Amino acid sequence: MKHFEDQLTQTQVDQFGKASAALLRQGTQSIPKDIKDRLYAARMKALSLRKPEKIRIQKQVLAGSARNWTSGSNGVWDTVGWIAPLVVLVFGLIGIAQWQDDSRINDIAEVDAALLSDDVPPDAYADSGFMAFLKNGPLSDSDSTSDLSHSK
Amino acid sequence: MASAQELSDFLSSVEQRAFKQAVYAVRDDDAAMDIVQDAMIKLAEKYGDRPAGELPLVFTRILQNRIHDWFRRQKVRNTWVTLFSNMGKKTDDGDDFDPLESLSAPDDSEIHQDGAHKLEKSQLLQALESEISKLPVRQREAFLMRYWDELSITETAKAMSCSEGSVKTHCSRATQTLAKALKLKGITL
Chain W
3 MKHFEDQLTQ
13 TQVDQFGKAS
23 AALLRQGTQS
33 IPKDIKDRLY
43 AARMKALSLR
53 KPEKIRIQKQ
63 VLAGSARNWT
73 SGSNGVWDTV
83 GWIAPLVVLV
93 FGLIGIAQWQ
103 DDSRINDIAE
113 VDAALLSDDV
123 PPDAYADSGF
133 MAFLKNGPLS
143 DSDSTSDLSH
153 SK
Chain V
48 MASAQELSDF
58 LSSVEQRAFK
68 QAVYAVRDDD
78 AAMDIVQDAM
88 IKLAEKYGDR
98 PAGELPLVFT
108 RILQNRIHDW
118 FRRQKVRNTW
128 VTLFSNMGKK
138 TDDGDDFDPL
148 ESLSAPDDSE
158 IHQDGAHKLE
168 KSQLLQALES
178 EISKLPVRQR
188 EAFLMRYWDE
198 LSITETAKAM
208 SCSEGSVKTH
218 CSRATQTLAK
228 ALKLKGITL
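So the protein lines, in turn, are chains W and V.
154 is the number that the numbering used here gives the last residue of the first sequence; the numbers go up by one with no jumps.
236 is the number that the numbering used here gives the last residue of the second sequence; the numbers go up by one with no jumps.
You may find that some hints are simply not true.
Covered by chain V, according to a simulated footprint, are these stretches of chain W (three or more residues, beta-carbon under 8 Å) [claimed, not checked]: (1) 21 to 30; (2) 43 to 52.
Cross-link-like lysine-lysine pairs, in silico, DSSO-like; alpha carbons within 27 Å at most [claimed, not checked]: (3) Lys230(V) with Lys20(W); (4) Lys205(V) with Lys20(W); (5) Lys181(V) with Lys122(V); (6) Lys205(V) with Lys181(V); (7) Lys47(W) with Lys89(V); (8) Lys181(V) with Lys20(W); (9) Lys93(V) with Lys47(W); (10) Lys227(V) with Lys20(W); (11) Lys38(W) with Lys181(V); (12) Lys215(V) with Lys20(W); (13) Lys93(V) with Lys38(W); (14) Lys35(W) with Lys89(V); (15) Lys35(W) with Lys168(V); (16) Lys232(V) with Lys20(W); (17) Lys168(V) with Lys38(W); (18) Lys20(W) with Lys168(V); (19) Lys38(W) with Lys215(V); (20) Lys35(W) with Lys47(W).
Please keep in mind that the hints were generated in silico from the structure rather than gathered at the bench.
If you're wondering where the values come from, they're calculated on a predicted model, not measured in any experiment.
Ideal placement from N, C-alpha and C gives every residue a C-beta, glycine not left out.
Construct the entire structure; sequences and hints are all you get.
What follows is the structure in structure tokens.
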């Protein structure tokens, strides 16, 4: 036939395939009885190893939500696997920043409290004359050290 | 979810076909029986809770994987046999022992000893089965899944882990080869 010599069309390929399959199906009826018996035994063994119905139902109830999560090829757990560390890292950084802010505020509060509770009024520190007095006046370090040496 | 009865019915409907397909591939009844039994057990143990509609595709894939595993084991076994045969040759000085002689070649005639039918249809069937068993592995898989298992092109591609285009190519080449081989024997389908 000519179509065997040339390339078969898709329709001819399908026709040939179906004809072959029909013939092959008939061929399964000629399988020897001992083979059929062994296949039957194999099937019974496979069915006996099937998980019991009750266990499967219980497992389904327990893992119901997880099954929904894990539907798909690899499941949502893969996504959670790399998102969770990122979330932890972000919350960690926010916590550290918060702790540093609190620490800075506490330091400033301590300085403010020291200034307010001191004998010298806070306005004095803004006075340039007072600052010059502290530097060059009788309370400066150089004078005090010279006083100490004289006294010795 | 497939019930026990549905699973049993499914296995009953595919076991003989699966056996034949395994025989075409491995050319040994006992090995084919082991392969089919392993495939059925794995389906029941691991995938018995799948919906009944999914069982054909899953079983086909398991069966093909089992056949591939058998070929891998054979390859490893043959490698070791060849290795030890070579070692034995070194100890036997002057011996003309050929390690290849210890490897038994597959005998095509064994496949068809079961039938011994004289009718024209059975001869046709034998010729077809013989030619199918000679096909390259991928072509044979695609051809049988597509036409005997009646899987769609998409399902066949999924079971074979290849593209739909590859399935079409494999099927087309398998058909061309079979048609030509049968025509040489004076057979047309």
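Consistency of the hints with the structure:
By the rule of at least three residues with a Cβ nearer than 8 Å to a Cβ of chain V, the coverage given for the segment 21 to 30 of chain W holds, with 9 such residues. Only residues whose beta carbon comes within less than 8 Å of a beta carbon in chain V count, and the segment 43 to 52 of chain W has 7; three or more means the coverage holds. Proposed proximity of Lys230(V) and Lys20(W) is supported: the alpha carbons are some 17 Å apart, at most 27 Å. A C-alpha spacing of about 21 Å is found between Lys205(V) and Lys20(W), which places the hinted pair at or below 27 Å, so the restraint holds.
Under the criterion of a C-alpha separation no larger than 27 Å, the hint pairing Lys181(V) with Lys122(V) is consistent with the structure, at around 18 Å. The straight-line distance between the Cα atoms of Lys205(V) and Lys181(V) is roughly 24 Å, inside the 27 Å bound, and the hint therefore holds. Proposed proximity of Lys47(W) and Lys89(V) is supported: the alpha carbons are some 11 Å apart, at most 27 Å. Pair hint Lys181(V) plus Lys20(W) holds up; C-alpha atoms about 19 Å apart against a cutoff of 27 Å.
Among the hinted pairs, Lys93(V) with Lys47(W) is consistent with the structure: their alpha-carbon atoms are about 14 Å apart, no more than 27 Å. For a cut-off of 27 Å, the pair hint linking Lys227(V) to Lys20(W) stands: about 17 Å separates their Cα positions. A threshold of 27 Å between alpha carbons decides the hint, and for Lys38(W) with Lys181(V) the separation of about 25 Å falls inside it, so the pair holds. Annotation: proposed proximity of Lys215(V) to Lys20(W) holds, straight-line Cα distance about 15 Å (limit 27 Å).
Restraint check: the Cα-Cα separation between Lys93(V) and Lys38(W) comes to about 24 Å, which is no more than 27 Å; the hinted pair holds. For a cut-off of 27 Å, the pair hint linking Lys35(W) to Lys89(V) stands: about 24 Å separates their Cα positions. Simply put, Lys35(W) and Lys168(V) have alpha-carbon atoms about 20 Å apart, close enough for the 27 Å limit, and the pair holds. Taking the CA atoms of Lys232(V) and Lys20(W), the gap is about 20 Å. The hint holds against a cut of 27 Å.
Among the hinted pairs, Lys168(V) with Lys38(W) is consistent with the structure: their alpha-carbon atoms are about 21 Å apart, no more than 27 Å. The hinted pair formed by Lys20(W) and Lys168(V) meets the criterion: a straight-line CA distance of about 16 Å does not exceed 27 Å. Proximity of Lys38(W) to Lys215(V) is assessed by CA-CA distance (about 33 Å); at most 27 Å being required, the pair is judged violated. Between Lys35(W) and Lys47(W) the CA atoms are separated by roughly 18 Å; this keeps the pair inside 27 Å, and the hint holds.
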